[in-house]
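Number of protein chains: 2
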Amino acid sequence: MSWQLKAADLPDLARGATLLGTGGGGDPYIGMMLVKQVLGTGSITILDPDEIADDLFVIPTAQMGAPTVMIEKIPAGTEPTLALRTLEEHLGRTADATMPIECGGINSMIPLLVAAETGLPVVDADGMGRAFPELSMETFAVYGVHGSPLALAGERGERVIIDTGDDDKQMEWLARGITIRLGGVGHIAEYAMSGADVKRTAVPRTISMALSLGRAIRLAREQHRSPFSAIADTLSSTLYSNVVELFEGKVTDVERRTTDGFAKGRAAISALDPTSNQTLEILFQNENLIARRDGEVVAIVPDLICVVDHESAEPITTEGLRYGQRVRVLGISTPDMMRTPAALAAFGPTAFGLSEAFVPVETRA
Amino acid sequence: MSWQLKAADLPDLARGATLLGTGGGGDPYIGMMLVKQVLGTGSITILDPDEIADDLFVIPTAQMGAPTVMIEKIPAGTEPTLALRTLEEHLGRTADATMPIECGGINSMIPLLVAAETGLPVVDADGMGRAFPELSMETFAVYGVHGSPLALAGERGERVIIDTGDDDKQMEWLARGITIRLGGVGHIAEYAMSGADVKRTAVPRTISMALSLGRAIRLAREQHRSPFSAIADTLSSTLYSNVVELFEGKVTDVERRTTDGFAKGRAAISALDPTSNQTLEILFQNENLIARRDGEVVAIVPDLICVVDHESAEPITTEGLRYGQRVRVLGISTPDMMRTPAALAAFGPTAFGLSEAFVPVETRA
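Sequence order for the protein chains is A and Z.
Mapping of the first sequence onto our numbering: position 99 corresponds to residue 99, and the numbering continues sequentially without gaps.
Mapping of the second sequence onto our numbering: position 357 corresponds to residue 357, and the numbering continues sequentially without gaps.
Each statement offered as a hint is correct.
Straight line, CA to CA, 20 Å or less: simulated SDA-like cross-link-like pairs of lysine to any residue:
hint : chain 1 : residue 1 : chain 2 : residue 2
1    : Z       : Lys73     : A       : Trp173
2    : Z       : Lys169    : A       : Gly184
3    : Z       : Lys36     : Z       : Arg215
4    : A       : Lys169    : Z       : Ile180
5    : A       : Lys169    : Z       : Gly157
6    : A       : Lys250    : A       : Tyr323
7    : A       : Lys169    : Z       : Gly183
8    : A       : Lys169    : Z       : Glu155
9    : Z       : Lys169    : A       : Gly157
10   : Z       : Lys169    : Z       : Leu344
11   : Z       : Lys73     : Z       : Gly183
12   : Z       : Lys169    : A       : Glu155
13   : Z       : Lys250    : Z       : Gly295
14   : Z       : Lys199    : Z       : Pro335
15   : Z       : Lys199    : Z       : Leu56
16   : Z       : Lys169    : A       : Ile180
17   : Z       : Lys169    : A       : Gly183
By construction, these hints were calculated from the structure, which means they are not laboratory data.
Whenever a hint applies, use it, and build me the whole structure from the sequences.
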């Protein structure tokens with residue numbers, strides 16, 4: 001069922017989206033502030049993907065860049081709508097709705113900003129079912145909708161259109177080049193598609209899931225219940241039904257570098273118990289990619305690896321990792337449509353240069 | 001007067017264009033072979049800029065990239081026409097003619113390739129009056145015609161449109177980013193303009209000048225006359241009337257690196273006379289920028305600094321410079337429209353980070 005999203009919902013949505021960002025996706029806080037400012041006391045119509053018309057014309061909108069840059073280079077706020085308008089003009093067709101390309105991090109907010117500015121509704125679905133670092137890592141692309149033509153807007157009104165036909169990796173490569181030259185952040189409109197395409201290729205109801213997750217964590221804290229149980233309970237009725245606690249410990253090492261337009265690095269988390277030598281190591285490229293406990297893989301992309309505060313369950317992004325933080329690490333299973341051979345080729349371990357095979361997090365546990 | 005260019009004219013045109021490339025512009029040989037192949041026994045109509053209609057719609061076409069890459073990464077040949085078609089589609093208007101953006105090097109050939117493929121005529125004018133390394137270094141831009149929107153095509157059919165409004169330096173910056181990601185070479189259509197704009201902003205008759213130069217050098221060799229006198233005689237009746245021999249010697253040092261999408265470096269040329277300690281040093285960024293004889297500036301951008309074989313006057317590009325070559329270095333004056341304060345701001349010494357002021361080569365001599 002379609003529903004109305006209001007400014008009061010945004011902090012919960014941001015919390016849930018940061019969890020689904022699995023360490024990356026960019027901090028949604030800045031995006032939330034931009035949406036709040038434009039939305040005021042209004043509301044945004046969120047469309048259930050099962051209920052949209054097959055010929056609804058949807059243009060997803062997003063921010064792209066390294067999360068480390070995103071938190072320092074604040075957008076003017078008008079760029080994503082400029083990207084949408086640029087793509088509309090190029091296609092000679094106006095959008096009936098926008099949609100996220102990823103449900104994690106700041107990109108949960110960018111389509112809401114466009115909606116608040118334009119009055120367009122937002123489809124409750126996305127193409128990553130979490131956050132991924134590259135524009136080609138989309139269920140849209142896996143199931144036959146391609147990203148080109150892509151429109152990219154910069155803060156000084158720069159407008160770029162990129163068309164690489166069916167080659168979504170080349171689209172990502174060229175768009176990343178522009179984003180780097182824009183200072184590390186760009187705003188995009190891409191993967192224009194019909195309502196029928198949305199039903200066939202998108203991960204459904206991820207905006208409402210992020211909102212439910214964030215709300216459940218907050219309510220549990222307010223009611224002095226375990227936020228970890230709240231996360232598991234909320235996800236149990238979704239396509240992300242398995243939640244595994246992978247580790248609890250203290251951050252003892254973080255290496256992070258912004259290179260080639262990405263934030264890449266690793267974190268080490270050591271057991272709190274001084275008699276234990278156990279260590280969990282996480283590698284990331286914007287998002288957490290693999291978690292190894294004493295060298296043994298316990299979770300791997302595309303399953304979610306989420307680092308959260310050990311008490312409040314507040315999600316911690318890769319750029320927020322600090323020495324000494326006490327954290328828990330959760331593994332969360334992804335929907336079946338994200339684990340097919342075609343999906344794993346697009347955003348499974350080999351897509352990130354990892355030699356380890358994908359094994360579902362619930363199987364490892 | 002309009003005239004017909006045939007395949008037999010191409011070697012002379014290439015030789016003259018290499019001289020006007022002032023070390024850069026890319027080797028026109030590959031471009032010439034592509035034009036020959038498409039043109040066959042046909043001909044290309046070259047339009048005199050004074051005779052074109054004010055409402056003629058002109059879309060210039062070119063190759064961009066580092067000359068060091070251009071000679072290794074051979075274009076398929078269809079890219080520049082794809083760039084033209086992409087810009088036509090974006091503007092909703094078809095071109096009546098194409099034109100060079102620079103008259104030096106391979107970009108003397110690219111518009112001819114487009115003409116041979118499409119049947120369009122080519123306007124006998126350009127926007128650099130030589131070769132320059134950046135897309136913003138155009139008399140077009142200096143006199144009020146801007147490069148955006150620019151269309152860029154890659155060898156795998158990639159199509160990119162860049163619109164930075166009046167900011168031609170940002171256009172260059174973004175297009176260069178795409179070109180680097182395409183492997184170092186891209187093909188472009190930009191600076192779309194009217195016939196009236198051409199008359200106001202372009203350096204006139206530079207295709208015919210390049211052809212005359214190349215032909216004069218060849219004929220002088222065939223007739224055992226001095227090719228250096230032939231160069232001076234040919235230019236005496238053009239807007240490039242001053243030719244100064246700056247140095248004669250042997251290449252004793254070449255440093256060259258391909259960085260940020262450019263070929264940058266320096267060459268040292270030492271006097272042949274063993275009793276002389278004189279050395280000429282040339283700095284280049286794709287093109288030769290400044291020549292210092294024993295530390296004293298003898299020629300500087302935008303004037304032409306041309307390194308040629310000491311006997312045959314065959315022009316030598318920066319990527320063709322080799323230790324031991326015996327060369328002469330010529331300084332050639334540029335037209336007055338390239339020496340105004342606005343022109344010097346766009347492509348004078350400061351535009352290349354040089355602290356030396358511009359002084360006309362004929363004044364220094």
